[in-house]
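These are the residues of each chain, in order.
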Amino acid sequence: MVSSISLSIDSDLDKVSLLARAVRALCADLLSPEDQDAVELSLVEAINNVIKHGYHGERGKDVQVAVGLQADQVVIEIIDHAPPMPAQVLENVPEDTFAFDETDLADIPEGGMGLALIRMNMDEVQYHSSEAENRLRMIKRIGGPGSRG
Amino acid sequence: MLSTDLRNNILVVRVEEKRIDASKAPAFKDQMSQCIEAGQNQIVLDLSQVDFIDSSGLGALVSCLKRLGPRGSLAVAGATGAVSRLFTLTRMDRVFALHQSVDSAVEQLSA
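So the sequences go chain by chain: A and B. Going by this note's numbering, 51 is the number at position 51 of the first sequence; the sequence numbering is gapless. Going by this note's numbering, 13 is the number at position 13 of the second sequence; the sequence numbering is gapless.
The set of hints was computed from the structure by calculation and includes no laboratory data. Just so you know, not all the hints are guaranteed correct.
Calculated lysine-lysine pairs in the BS3-like style (CA-CA distance at most 30 Å, straight line) [unchecked claim]:
| id | chain 1 | residue 1 | chain 2 | residue 2 |
| --- | --- | --- | --- | --- |
| 1 | A | Lys15 | B | Lys29 |
| 2 | B | Lys66 | A | Lys61 |
| 3 | B | Lys18 | B | Lys29 |
Construct all of the structure, not just a fragment, from the sequences and the given hints.
Right, here's the structure in full:
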C-alpha cells in the first residue's frame with residue numbers, strides 16, 4: 001500500500017493545529033498512539049519553525065505538507081518558500097539540549113527545543129533547499145525501534 | 001483560556017484548551033504572569049483538558065517557573081498521553097512535580 005496526499009495552510013500559527021490533526025488522523029491506522037504523538041509533535045515543531053523563523057511570522061505565505069503512507073514507513077515532507085535554513089543547523093542540533101541542570105532555574109531551556117524534539121521523535125530527518133523550495137523530509141518507520149505499535 | 005480556584009492558599013489554574021501550542025503560548029504566559037504578579041507563588045496547573053503541548057507551550061511553562069523564582073512552586077496535575085510523554089522526553093519531569101490529580105497536588109503542596 002502506497003498512498004500520498006498534499007495539504008497546505010497559510011503561514012498562520014492558528015492554522016497549524018488543523019494540519020496536525022489531519023496528519024495524525026491519516027496515520028491513525030498505521031502507527032501506535034505513541035508514534036502518532038511523535039509524528040504530530042515533529043510536524044508542529046517543523047511548521048512552527050517555518051512560520052516563525054523562515055517567514056518571520058508573516059502571514060499569507062504558503063506551507064505545504066506531503067504525507068506518504070507506505071507499507072513500512074510514513075514519510076512527511078514540509079515544503080516552504082522562505083529563505084533556507086543554514087545547511088549545518090540540522091546537523092548541529094546539540095545532543096544535550098535536555099541535559100540541563102534542573103536545580104539551576106537559569107539553565108532550564110525556554111526555547112530552541114524544536115529541532116531537538118524532531119530529531120528525537122523521527123527515525124530520519126533530512127533538509128534540502130533548492131532555488132525553488134525548501135523541503136524537510138521526516139520519516140517514521142512503522143513498528144521501528146522505539147515503537148510499541 | 002484559564003480558570004482559577006483558590007484551595008488551601010494554593011492557586012489551582014485549569015487550562016481550558018485542548019492545545020498549548022505556538023498560537024496559544026503567548027496568551028497562556030500572559031495570563032499566568034498576571035496570577036503570579038497578583039502574589040500567588042504556590043500554583044497547581046491542571047492540564048487534564050490538554051491533549052497536546054509543543055515546545056512553545058513547554059517553554060511558556062518554564063518561563064512561568066522562572067518568574068515564580070526559587071521560592072515559588074509550580075506543580076502539574078492531570079498530564080496524560082502526549083503531554084505526559086513530552087515532560088518525560090524533555091526531562092522536564094525533573095523540573096515540574098507531576099501529579100495524577102489536582103487533589104493530590106494540592107495535598108502535597110499544603111503539607
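Hints and how they fare:
1. With a C-alpha separation of about 20 Å, the suggested pair Lys15(A) and Lys29(B) falls inside the 30 Å cut-off, and the hint holds.
2. Distance hint between Lys66(B) and Lys61(A) is unfulfilled; the C-alpha atoms sit about 35 Å from each other, more than 30 Å.
3. Restraint check: the Cα-Cα separation between Lys18(B) and Lys29(B) comes to about 16 Å, which is no more than 30 Å; the hinted pair holds.
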